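Knowing the structure of chain H, use the given hints to seat chain B on it.
Residue-level listing of the chains:
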Amino acid sequence: MEVVLSFVVGGLYAAAIYLMMRRSIVKLILGLALLGHAANLLIFTIGRLVRGAPPIMLHGESQLIGQFADPVPEALILTAIVIGFGVQAFAIVLIRRSHQTLGTDDLDKMQSTESFD
Amino acid sequence: MSFLLVSPIIIPFFTAILALLAWESRNLQRMISSCGAAVLLAAALVLFGFVWHNGIQATQIGNWPAPFGITIVADLFSAAMVVLAALMGLAVVVYSLAAIDHQRESFGYHALLHILIMGVCGAFLTGDIFNLYVWFEVLLIASFVLMQLGSEKAQLEGAIKYVTLNLMSSALFLTAIAILYGMVGTLNLADLSIQLRTVSRPGMLTTLAILFLLAFGIKAAIFPLFFWLPASYHTPPAPISAIFAGLLTKVGVYSLIRVFTLLFVHDVGTTHGLILLAAGLTMLTGILGALVQNDFRRILSFNLVSHVGYMIMGLGLYTPLALAGSIFYTVQDIIVKTSLFLVSGAVYRLRGTYRLNRLGGLYSSNPGLAVLFLLPALSLAGMPPFSGFWGKFILVKAGLDANSYLIVAAALIVGLLTLYSMSTVWSEVFWKKQPEEQSEPALESLPSGSWLLHVVPVAILVALMALIGLWPGPFFDFAQRAAEQLVNPSDYIQAVLGKSA
Chain H
1 MEVVLSFVVG
11 GLYAAAIYLM
21 MRRSIVKLIL
31 GLALLGHAAN
41 LLIFTIGRLV
51 RGAPPIMLHG
61 ESQLIGQFAD
71 PVPEALILTA
81 IVIGFGVQAF
91 AIVLIRRSHQ
101 TLGTDDLDKM
111 QSTESFD
Chain B
1001 MSFLLVSPII
1011 IPFFTAILAL
1021 LAWESRNLQR
1031 MISSCGAAVL
1041 LAAALVLFGF
1051 VWHNGIQATQ
1061 IGNWPAPFGI
1071 TIVADLFSAA
1081 MVVLAALMGL
1091 AVVVYSLAAI
1101 DHQRESFGYH
1111 ALLHILIMGV
1121 CGAFLTGDIF
1131 NLYVWFEVLL
1141 IASFVLMQLG
1151 SEKAQLEGAI
1161 KYVTLNLMSS
1171 ALFLTAIAIL
1181 YGMVGTLNLA
1191 DLSIQLRTVS
1201 RPGMLTTLAI
1211 LFLLAFGIKA
1221 AIFPLFFWLP
1231 ASYHTPPAPI
1241 SAIFAGLLTK
1251 VGVYSLIRVF
1261 TLLFVHDVGT
1271 THGLILLAAG
1281 LTMLTGILGA
1291 LVQNDFRRIL
1301 SFNLVSHVGY
1311 MIMGLGLYTP
1321 LALAGSIFYT
1331 VQDIIVKTSL
1341 FLVSGAVYRL
1351 RGTYRLNRLG
1361 GLYSSNPGLA
1371 VLFLLPALSL
1381 AGMPPFSGFW
1391 GKFILVKAGL
1401 DANSYLIVAA
1411 ALIVGLLTLY
1421 SMSTVWSEVF
1431 WKKQPEEQSE
1441 PALESLPSGS
1451 WLLHVVPVAI
1461 LVALMALIGL
1471 WPGPFFDFAQ
1481 RAAEQLVNPS
1491 DYIQAVLGKS
1501 A
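Residue numbers (my numbering), protein chains in the order written: chain H, 1 to 117; chain B, 1001 to 1501.
Extracted from the complex, chain H is given alone in its bound form (with noise of 0.2 Å):
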């Protein structure tokens, strides 16, 4: 299962960085998405996937032995999910207000702002 999950984070890395080199804003926006999505994958697969051990100390146990599912990774998606959500909805809103106010979606006609006069 870690086999194909690192697979899976490996092919959401070089689509989020395939899709955040096209001239489209959307595809950007698409791409730094995917780029969140890949993180979160990662750390979820680094925590080591474990079944059916869930960290429970029986009464009378101090500490945990043995294998057993780490909780933090968990913790640190959810931050990391809710995080992205909010910067993704802002993200969308500014494509949306930049292609209203600048007439085009290609990243390559946003240059006013590098030019020299």
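No lab work stands behind these hints: they were computed from the structure.
For lysine-lysine, the following DSSO-like pairs were computed, each having C-alpha atoms within a straight-line distance of at most 30 Å:
#1 K27/H / K1153/B
#2 K27/H / K109/H
#3 K1153/B / K109/H
Simulated restraints on C-beta separations:
#4 L1291/B / Q100/H: 33 to 41 Å
#5 G11/H / L1419/B: 48 to 56 Å
#6 L1400/B / P54/H: 56 to 64 Å
#7 E1024/B / R22/H: 39 to 47 Å
#8 F68/H / V1292/B: 54 to 62 Å
#9 V93/H / T1206/B: 37 to 45 Å
#10 I1210/B / S112/H: 30 to 38 Å
#11 L1291/B / V93/H: 31 to 39 Å
#12 A1463/B / L49/H: 54 to 62 Å
#13 P1474/B / A15/H: 48 to 56 Å
#14 V8/H / D1477/B: 52 to 60 Å
#15 P1474/B / I17/H: 46 to 54 Å
#16 P1224/B / A15/H: 21 to 29 Å
Note that the structure is a prediction, hence the values are computed from the model and not measured. For each residue, glycine too, the CB sits at the ideal point set by N, CA and C.
Chain B only, in chain H's frame:
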């Protein structure tokens, strides 16, 4: 004690909430914003004094013992950065009272500014690497909105570039955190510092270090990752670009210094050597970019990039003196850059343009403003007796001690080129005659109260800069002590984990 440690996060948070509650009344927002900024500065000074006298302070949020909960730590470096963030916040808030238009104020400018300051203070104070990511996102989302607030054409275009590159950096940072957690299973910086010493795969650790270098390098705008900065920082109104220039890249520099003194010191030759190379190239490419620009704020933006090179040069050399130089340089550069950007805003207010070829004659009409530009500009170029000279002096001395002659040569040449760049601005904006066709409003037409709000914050910052320049002893002592704490992380670890490393 623990309240004092979290107060630089709580105060701007509550200020922002109060400013949002006062949505209907612009005047009330302005009052809340100014008071909040002043209280924050007071709290930050008290915190700095406490850390100065009692050593590194740490507190565990929610009483979860480290390394399981989130830790807030203040050592001398982070406490000083918090003081500077609060000071720049206050200066920019006061300046904004006159320089920000009504629409932007009504759309939550003050609340956003305080959220930004909260994010910056949180990033300086946190002792947990994932929490650092969260604070980065807090300050980023506030800066995104500030960047495009007003939705002018150039702002939107700059915002797209700014948002994209910064989100990309965040994703890289998150990836690096994932791999770090997979390797050692902890996120607490002090605990990481101990665990990473025993990692058996140094090659993997070096790769991870480079990933962090990339993530923070984008935020700090080092070569070759800086192109978003000069494409976006000149688009929002002057107070916004001033606070961005003063604080945001420095958060990246702070994170680099923190991570590459506390965590990744296993292979100094590779990682810090790479940082040194990036430092030299950042200085040179930044200043060469500045030389060909003809927009006041774009010149300043490229200078901003160039001088990030000096700040990480000390980190790349990685000796106690060099780190002290980095800290000294960062502290004074925040003041210098913020005042230069604020001066550019005042010039815009007088002449209605940032274009060098349409500006001119300000020395004869506004000698006071000309002085307020000239002093930080000379400091930027490293002229004695200003603060920038001492910063460069320490760094050059450290470079010579370490026999790194190339970087010293780069630092000196870039100093000269900065002088050339600043004298271009001086002669174009202040010295030459004003172009004939120009008929923009002159100083006399601005109400004097508004003019004072433009000038007084800059004057105070410039006075502070002059104080550092004329009386560098205490500031250098501070930088040395702060560098000592960075080089020997055992105090830091002791303060966080309560046991010796």
